[in-house]
Amino acid sequence: MAAKFTPLHDRILVRRIEEAETTKGGLIIPDTAKEKNQEGEVISVGTGRINDKGEVRALAVKAGDHILFGKYAGTEIKLDDEDFVIMREEEVLGVVTK
Amino acid sequence: MAAKFTPLHDRILVRRIEEAETTKGGLIIPDTAKEKNQEGEVISVGTGRINDKGEVRALAVKAGDHILFGKYAGTEIKLDDEDFVIMREEEVLGVVTK
Amino acid sequence: MAAKFTPLHDRILVRRIEEAETTKGGLIIPDTAKEKNQEGEVISVGTGRINDKGEVRALAVKAGDHILFGKYAGTEIKLDDEDFVIMREEEVLGVVTK
Amino acid sequence: MAAKFTPLHDRILVRRIEEAETTKGGLIIPDTAKEKNQEGEVISVGTGRINDKGEVRALAVKAGDHILFGKYAGTEIKLDDEDFVIMREEEVLGVVTK
Amino acid sequence: MAAKFTPLHDRILVRRIEEAETTKGGLIIPDTAKEKNQEGEVISVGTGRINDKGEVRALAVKAGDHILFGKYAGTEIKLDDEDFVIMREEEVLGVVTK
Amino acid sequence: MAAKFTPLHDRILVRRIEEAETTKGGLIIPDTAKEKNQEGEVISVGTGRINDKGEVRALAVKAGDHILFGKYAGTEIKLDDEDFVIMREEEVLGVVTK
Amino acid sequence: MAAKFTPLHDRILVRRIEEAETTKGGLIIPDTAKEKNQEGEVISVGTGRINDKGEVRALAVKAGDHILFGKYAGTEIKLDDEDFVIMREEEVLGVVTK
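Residue numbers (the numbering used here), protein chains in the order written: chain A, 9 to 106; chain B, 9 to 106; chain C, 9 to 106; chain D, 9 to 106; chain E, 9 to 106; chain F, 9 to 106; chain G, 9 to 106.
Among the clues, some could well be false.
[Claimed, not checked] Computed from the model, here is a short list of chain E residues facing chain D with C-beta under 8 Å:
hint, residue
1, Thr55
2, Ile58
3, Asp60
4, Ala68
5, Lys70
6, Leu76
7, Gly78
8, Ile85
9, Gly102
10, Val104
[Stated by the list, open to error] Pulled from the structure, derived: some chain G residues nowhere near chain E, Cβ distances all over 10 Å:
hint, residue
11, His17
12, Lys44
13, Glu49
14, Ile51
15, Asn59
16, Arg65
17, Gly72
18, Leu76
19, Gly78
20, Thr83
21, Glu84
22, Glu90
23, Val93
24, Leu101
25, Val103
26, Lys106
[Said to hold, decoys possible] Here are the in silico distance ranges between beta carbons for each label pair:
hint, chain 1, residue 1, chain 2, residue 2, range
27, B, Glu63, C, Tyr80, 43 to 49 Å
28, B, Glu84, C, Lys106, 20 to 26 Å
29, G, Lys106, F, Asp88, 53 to 59 Å
30, G, Arg23, B, Asp60, 41 to 47 Å
31, D, Gly72, C, Tyr80, 32 to 38 Å
32, D, Tyr80, F, Thr55, 45 to 51 Å
33, B, Tyr80, E, Ala71, 47 to 53 Å
34, G, Lys44, A, Asn59, 40 to 46 Å
Since the hints were derived computationally from the structure, they do not count as laboratory data.
Backbone N, C-alpha and C fix where the C-beta goes; we use that ideal spot for every residue, glycine too.
Based on the sequences and whatever the hints tell you, model everything.
Structure, rendered in C-alpha cells:
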C-alpha cells in the first residue's frame with residue numbers, strides 16, 4: 009500500500025524495523041516494556057530539498073536503504089493499518105550496509 | 009462555498025477527511041473519543057511561496073490532492089458552517105495516490 | 009477616522025467583522041461567551057515588505073479585502089474609540105471573495 | 009533636553025503621549041489603574057538600519073511623527089527626569105496623520 | 009588600567025556612570041536600594057563587526073562617547089578592582105551629546 | 009561491524025573511549041558513579057556538510073582521529089550490541105594528537 | 009600536554025588563570041567560596057571560522073593571548089589531569105595587554 013504515498017520535498021517514508029519480541033533467553037517482552045527501534049527501511053522519498061531560490065537538491069537516501077534515525081525523529085502515521093514514520097532527510101543519522 | 013476563499017502565498021485550504029464513525033465491530037465512537045484525522049483534500053492553494061527577493065515559487069500540491077499532514081498542522085477555520093484547516097505547504101507530509 | 013492611520017512597511021490595519029449577537033434560535037449571546045471573530049476588512053496597508061537590501065515588495069492584500077487571520081494574529085489597538093487589529097501580511101491566512 | 013540624544017542605527021527616541029487623567033464622566037483615574045498608552049511622538053531617529061554588508065537604509069519614520077507602537081515595545085529610559093521610550097523602527101505599528 | 013584591554017570585534021568596554029548617592033533631599037541611598045544606572049562612558053572599542061564573509065564594519069561608537077544602554081546589556085567584569093561592562097554595539101541604545 | 013555504517017552528510021560515527029574502571033588506588037568504580045567520557049575515536053565520517061546551494065564541504069575530521077566532544081553531544085546508538093555516538097562535526101571540540 | 013590538542017575550526021583551548029587563594033588580609037578562601045575566574049591564557053586555536061561557502065577566516069586571538077570571557081563561556085575539559093576550557097572565538101570578550 010505504502011507505494012501509493014509520495015513524501016513532499018525532503019521528506020521520506022520509513023517502515024520501522026521491529027525488534028525481536030522474545031529476549032535471547034526466550035522470555036516474551038510485553039509491548040509496554042519495548043523501546044521503539046531506531047532502525048528502518050526507506051519506502052519512498054520526496055523529490056528533494058528546495059532552497060529559498062526554488063532550486064531542488066535530490067536526497068542522499070533512496071527507497072530500499074536501511075537507515076538509523078534519532079529517537080524523536082519524524083511523525084508516526086498509519087497507512088492501511090500499517091505504522092510508518094515520515095521524517096525529513098535531515099533527521100536520518102546514516103545508512104547501514106550489510 | 010470554500011471555492012470563494014483564496015489562501016495567501018504558500019498557504020493551502022484543506023478539508024479534513026473524517027474517519028468512519030463506527031468501529032469495525034459496529035460500535036459507535038463518541039466524538040470525544042475520536043482523534044482528529046491527519047488526512048485531507050486540498051480545496052485551494054495560494055499563488056506560491058515568496059522568498060526574500062520577492063520571487064514566487066509555485067506550490068507542489070494542487071486542488072484535489074489527497075494529503076497527509078502533521079497532528080498540529082495549520083489553523084482550524086469555519087467557512088459557511090463547515091470546518092477547514094488552513095496550513096502552509098511546509099506542513100504537508102506527502103500526497104496519497106490511490 | 010482610521011483613514012488617518014498608515015501602517016508601516018508590511019503591516020495592515022484591519023477592522024474585525026463582529027459576528028451576529030443572537031444565535032440562530034434567537035438567544036442573545038453575552039459578550040463573555042463570544043469568541044473573537046477571525047474575519048476582518050482591510051482598512052489600509054503599508055508600502056510593502058522591506059528585505060535586508062532595502063528592496064520593497066508590495067503587499068498581496070489591499071484596502072477593502074475581506075480576510076481571515078489566525079486567532080492570535082496582530083495587536084489590538086483603539087483608534088477614535090473604535091477597535092482595530094494591526095497585523096503583518098504574513099499573519100493573513102487568505103482572502104474571501106463573495 | 010532630549011534633543012541631545014542620538015539613537016543608534018535603527019532605533020528611535022519616542023515621547024509617550026499620556027492619556028487624559030479624568031474619565032469622560034469627570035472621575036480622576038489613579039495612576040495604578042491606567043494602562044500605558046501606545047501612542048507617542050518621535051523625538052529623534054538613528055541614521056538607519058545597517059545590513060550585514062554594512063549598507064545603511066534610512067528609516068521610514070522621522071522626528072515629529074505621531075506613531076502607534078506595541079504594548080511591550082522598546083526600553084523605558086529617563087532623560088533629565090522625563091520619561092522616554094527607545095525602540096527599533098521594526099516595533100512601530102504605523103503613523104497617525106490628523 | 010582599562011586602557012590595557014582591547015574588546016574583540018563588535019564589543020565595547022564601558023564604565024558605568026554612577027548616580028549620586030544622596031537624594032535631592034539629602035538622604036543617603038543605601039547600595040541595595042539603588043538601581044543600576046543605564047548610562048556609561050565608552051573606554052575602548054573593538055575593530056568592528058565581522059560579517060559571514062569576513063568583511064569588517066567599523067563601529068558607530070568610539071572611546072569617550074557617553075552612551076545609554078539596556079538594563080540587561082552586556083557582561084559585568086572587574087579590571088584592576090574597577091567595575092566595567094563589556095557589551096556588543098548592538099546593545100547600545102544611543103549617544104548623549106551635551 | 010561499525011564499518012558497515014555510513015553517517016549522512018556532516019555526521020560522524022564515534023566509539024567512546026571508556027575510562028579505566030578502577031581508581032588509581034585500586035577501587036572499582038560502579039557503573040552508576042561513572043561520568044560518561046568525552047573522548048572518542050572516529051570510526052567513519054559522512055561525505056561532508058551540504059550548504060543551501062547543494063555544495064558539499066568535506067569534514068575536517070577523519071576515521072581514526074581521536075577527538076574530544078561536549079557532554080551532551082550526539083545521539084547514543086547501539087550497533088551489533090556495541091555502543092556508539094553519532095554526532096555532527098560541529099559538536100567536535102578538537103583533535104588530540106599524541 | 010595541552011600542546012597535543014588542536015581545537016576544531018573557530019574553537020580555542022584556554023587555561024583559566026586562577027585567582028590568589030588568600031584574601032588581601034591573608035585569609036585562605038575555601039574552594040567552595042571562590043567564583044570561577046573569567047581570565048585565561050590561550051593555549052592553541054583552530055584554523056578559523058568556516059562560513060556556509062566553506063571559506064575560512066583566521067581567528068583574531070592567538071596562542072599566548074591573555075583573554076577575558078563570559079561566566080558561562082565554553083566547555084570545561086580535563087586533559088592529562090589539568091583543567092581547561094574550550095570555547096568559540098565568539099565567546100571571547102577581549103584581550104588584555106599589560
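Which hints from the list above does the structure break, by number from lowest to highest? 1, 2, 5, 8, 15, 16, 18, 19, 24, 25, 26 and 27
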